[in-house]
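*Asks:* Assemble the complex: chain A is given as a structure, and chain B must be docked to it using the hints.
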Amino acid sequence: MRLQAALFFAVCLSPAAAIYNDEVNHIDFHHALLGSPSPDSTFFLKPSSTSNASLLYTISDKLLVGAINPRDGALLWRQNLSRSADSPARGGLLRGLDGNDAVVGAAGNYISSWSAQDGKLAWENRYSEGVVADLELLELEDATATPGIRDTIAVVGSEGSGIVRRLDGNSGNIKWEYRDDSGDVPFQVSSSPTEVFYISLQSAMLKGYRIKVTVLDPVTGKQVRQQTLNSESDVATPESVLFVGANTASPIIVWTDKSQKSLKVNVIGTKEINSVAIDNTSGLDIRKITVHAAHKTNALPHFLVHYATEAGAWAEVYHVDMKSSKVTKAYQLPYLPGHSVVATSVIDANVFFTRVTDSEAVVVSSASHGILGRWNLPESSDVALHAVSDLVTRGGSVSVRSAVFREHGDWQLIRNGQIEWIRNEGLIDAVAATWAEVDAQEGLAHELEVEGHETIYGAYIHRVKRHVRDLQYLQQWLKHIPERILSSIFSDEVTNLDSFGLATPVLVATKNGRVYALDTGKHGAVLWSVQAVETSEWDVKAILTSPGTATIYPNDGSSVTLKVSTGDIISRTASSDSKIHSIAVFGAQEASSLTTVGVREDGSPVTAFDEVNGFLVTTSVDGRVLGWIAKDNKSPVWEFLPPSGQKVVHATARPVHDPVASIGKVLGDRSVLYKYLNTNLALVTAVNEKTNIASFYLLDGVSGKVLHATTQSGVDTTQPIASAMSENWFAFSFWGDIDSNESSAKGYQLVISELYESPFPNDRGPLDSASNYSSLHSSVESPPLPHVISQAFMIPEPISHMTVTQTRQGITTRQLLCTLPSSNSIVGIPRPVLDPRRPVDRDATAAETEEGLFRYAPYFDFDGKWYLSHARDVAGIKQVLSRPTLLESTSLIFAFGSDIYGTRATPSQAFDVLGKSFSKLQLVLTVVALGVGVAILAPMTRRKQVNALWKAT
Amino acid sequence: MSQTPLPPPPPPQWVVALNSPMPRPSKAASSIPDPPGFSSSRGGKQRQQQQQQATAKKPEDTDALKMKKAWEIAIAPSKQIPMNAIMMYMSGNSLQIFSIMMVMMLFKGPIQGLINTNAAFAKYETESTHSRLLGVKIVYMLMQLLLLALGIWKVNAMGLLPTTRSDWLAWESERQPLEHAHFAFR
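Residue numbers (the working numbering), protein chains in the order written: chain A, 13 to 965; chain B, 3 to 188.
Derived by calculation from the structure, the hints in this document are not laboratory data. In this text, all values refer to a predicted model and were calculated from it rather than measured experimentally. Some hints here could point you the wrong way.
Stated by the list, open to error - Coverage of chain A stretches by chain B, computed from C-beta distances (three or more under 8 angstroms per stretch; other residues unrestricted):
1. 681-687
2. 775-783
Stated by the list, open to error - Taking CB as the label site, the calculated pair distances span:
3. Asn774(A) <-> Asn120(B): 39 to 47 angstroms
4. Asp873(A) <-> Gly94(B): 30 to 38 angstroms
5. Leu163(B) <-> Gln957(A): 45 to 53 angstroms
6. Gln821(A) <-> Leu162(B): 21 to 29 angstroms
7. Ser802(A) <-> Gly94(B): 31 to 39 angstroms
Ideal Cβ placement from N, Cα and C applies to all residues, glycine included.
The following block holds chain A by itself, in its conformation from the complex (with noise of 0.2 angstroms):
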């Protein structure tokens, strides 16, 4: 007891470890996710006329813009488009130009500029008229353009109308504007170095579109002269036209016929179509159509065309005829069974195309069909979607960098054959993740469990087998030994924290269907990834695992099996159909015997569980709690309702691993405060929409008696409200009061209450010493009712999600691991710093300062040492993850939702592990050293002592 309150007051009192520098790195890891690249929308770039470097941009399909570094893979900078963008946007719209230090991105009818080196932000607009509907950078300077960015033309699109507009580059300032009222579809704008062209559907008249060509100034935005295209027969939808050519020297537009036969091009500008037959050998429907074309002004006028058929796919490049407006087909790229992508990249006035195929990487110039150069790839089941490529020619040979986007979402960066980096973008959408347990140790475990059921001799016999046949691995094991000394002396951690359960895997379901192992011990790195379902909507409820396998239940019923090591599917069950709310677990958390039960919408359980003294709560989706007993599923034994108007958000309990150390709290005069322990406990929150108000209830999961219930008038309930339990405390987060504007405790507030058995010092409650409790069978009433003590703190950021770090004991204090997605942070804030019973309106008196509590103080600021992300920028988490680990003082943190973050949280410090400053070598040199000089001072003093013997008589 000395020990532990020791312990307890060292870890009290020890201020909260931060972070440090080495750290960073080394226990955390964080993928800065972007999403699905658009491939209209990214492009390599080089954001400085002074120097070579390029960047790699894009804009993703979750509307975040971000400039990767092509050389790692690593993520420069990103900005969301959609937290400022009000109108659902049909996706994002991204240009740059090389040596212009800006990138315009677009996202519905938020419009942004960005400095391309370091994403800040130059300008931004709001139009209320509409969504932007394309963009295009000016790249030629005129008389009118200031010196430094480019200016942008953009067309907004809305009601009936579009309008052209010339953006000023540095301010965003409307320079003129074009309005076009005749009621066409906006649908495009280019530009050539003298004019600027605004593309826009009109309605045939039976069907169809005609394409119509507005001709304006850039200078004035006059219009200048007006052309129809005679497209209404093969041009059904906006979609059917398939290129628009930007900013070349000849723009060109270019759709097919509906039977794609032939291929329409027109240069824009000028009235006359041309028709080129499509030259299909395959004999297969061609299912995709993309044409390429270089984005520079000063760029040949050639094209490629990729057809792409279901088995295989070929291409064609054109050249146009820059006098004569006329496309005639240069050559053919060779038609090749499997999926390719293909790349454009200009050097000077060079158009190369880069052809990736899912073996090989081929480079050919614009100009004639001659291979540049030609490299193998590695095999890639994973289907390529698109790629951009930067390419440099040193002497007569080629040096090429693609970046690939993949199916399953993966973008690869593939430097002449060799894959540089990949970014797992598909990560972005998990949905569901926990750690799995992996079967290292089970088959020692097992062979425990039969020594421990045998007789005493049979068991001793079977040990010494079992020693013997261990004897095999001994010379492996000597071997690794000089390896493991020399690993252990130099190595950058004193000791190798991976057999500690640090280097856990940690498995990730995706919302399209994939699940991911990630590596906690490598950085994160994916271990493997499957698709487990083919879907789109994958909702995950829960993942169980036990040693070897995990176990995917998501919403329809069904199960899939999967083997930890390897990502095999093992197996998989049908689903049912009933939709599935959540899913119940019984049986002991690390027994490998879980049996789970569905639950459905309304609460109940589809199939009724067996299991003596088990009660099972579930939540409805139409806000209320149901309690239920074993082997009946039709009717619940208790249900709590809040009263009328409020509807159950959320509910929580005590995580199933919740060790607690002390069952009391030692106060400064050595008397004990019992903690109120109860694992049936829930903490449902309920809101009123109407009247602003928040109640929190706490419930008893056996009985459904409430034991308490806190209500916060004036809350913004379109705010989160967080809410996590545990021990014997909970919290929760909200914005209050929304009402009165002069209140001084107007913002977030963050409420811990503490509970306890009863108020007074040494007092066990009315169940005194009992061994036992029963919240139904019991003569004193039960459960009792716990003592509450809350305080509220004023906090600077909301909390979008609180859970408390775990670990294997409970002797480490716990953080509240809180998710701030204004400052896309994770902070942990101590739990002695949250403590309800510090004193207010005065300082602490001695005894009150020797349990670690000091003066109230209403505005509760985040110390920076708390931030577990310290400087990332660990952006959309929506479930953060706590585990313990076997050492005590340290809990693992995972994080997912957009971004995955991992690190682990030592709240006490790392008082198990040896710190960065012990030195081993030291160590064994001190040793030896006396070692040696032992030996050689040992000799001399015995002579000497025989000596002083001789001399005395």
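*Replies:* Just chain B now, kept in the frame of chain A:
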């Protein structure tokens, strides 16, 4: 060797005189005053021996003296109490090496004293004083216990005695529920 050894020669006269003390001077002789300038006390030691020899002659006086000495020894520990008390008060209640050492010394003294009670009074132990020494010993033990009590007070003040509820908290166990609720929240 059949030859018998010669008897040893008779000791010289000075040896005989040295070994056999002088005959007691007669009463008349002892009454003769010392000549002027002669001091009969040749050394303090001899004189003490003479005094002891003199006291040995009076057993009641010796006993009284012994009892007086014994009482002095019995009371002696009580004289340490104020000093120790001040020292203990000054050293503070924190667990530091000095205060712990001082408490150790405080315990060591009385416990050793108690163990050596008989030894401490052995010098004054005679048949006649035996019964009277009992009271003295009890007082002596009381005094040592008083010192010990001071030590215990100090240890208690330092919080080392398991006297409070918190010290026994580790032996109290968490109440186990008879029913277990499983939660299926999401």
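*Asks:* Take the C-beta atom of leucine 163(B) and the C-beta atom of glutamine 957(A), compute their distance, and say whether it sits inside 45 to 53 angstroms.
*Replies:* Between leucine 163(B) and glutamine 957(A), where Cβ atoms are some 49 angstroms apart, the hint holds.
*Asks:* Confirm or reject the claim that aspartate 873(A) and glycine 94(B) have a C-beta distance inside 30 to 38 angstroms.
*Replies:* 36 angstroms, holds
*Asks:* So is the stretch 775-783 of chain A in contact with chain B by the C-beta rule, three or more residues under 8 angstroms, or is the coverage claim wrong?
*Replies:* holds (count 4)
*Asks:* Quick check: does the Cβ-Cβ distance between glutamine 821(A) and leucine 162(B) fall within 21 to 29 angstroms?
*Replies:* Cβ of glutamine 821(A) to Cβ of leucine 162(B): about 26 angstroms, so the range 21 to 29 angstroms holds.
*Asks:* Note whether the CB distance of serine 802(A) and glycine 94(B) lies within 31 to 39 angstroms or breaks it.
*Replies:* The hint (31 to 39 angstroms, Cβ to Cβ) holds, given that serine 802(A) and glycine 94(B) are roughly 37 angstroms apart.
*Asks:* Go check the stretch 681-687 of chain A versus chain B for me, would you? Three or more residues, Cβ under 8 angstroms, otherwise it fails.
*Replies:* That given contact holds, which follows from 4 residues of the stretch 681-687 of chain A lying within Cβ reach (below 8 angstroms) of chain B.
*Asks:* For the hint 39 to 47 angstroms, verify it against the beta carbon of asparagine 774(A) and that of asparagine 120(B).
*Replies:* Between asparagine 774(A) and asparagine 120(B), where Cβ atoms are some 45 angstroms apart, the hint holds.
Hint check: no violations occur; every hint is consistent with the structure.
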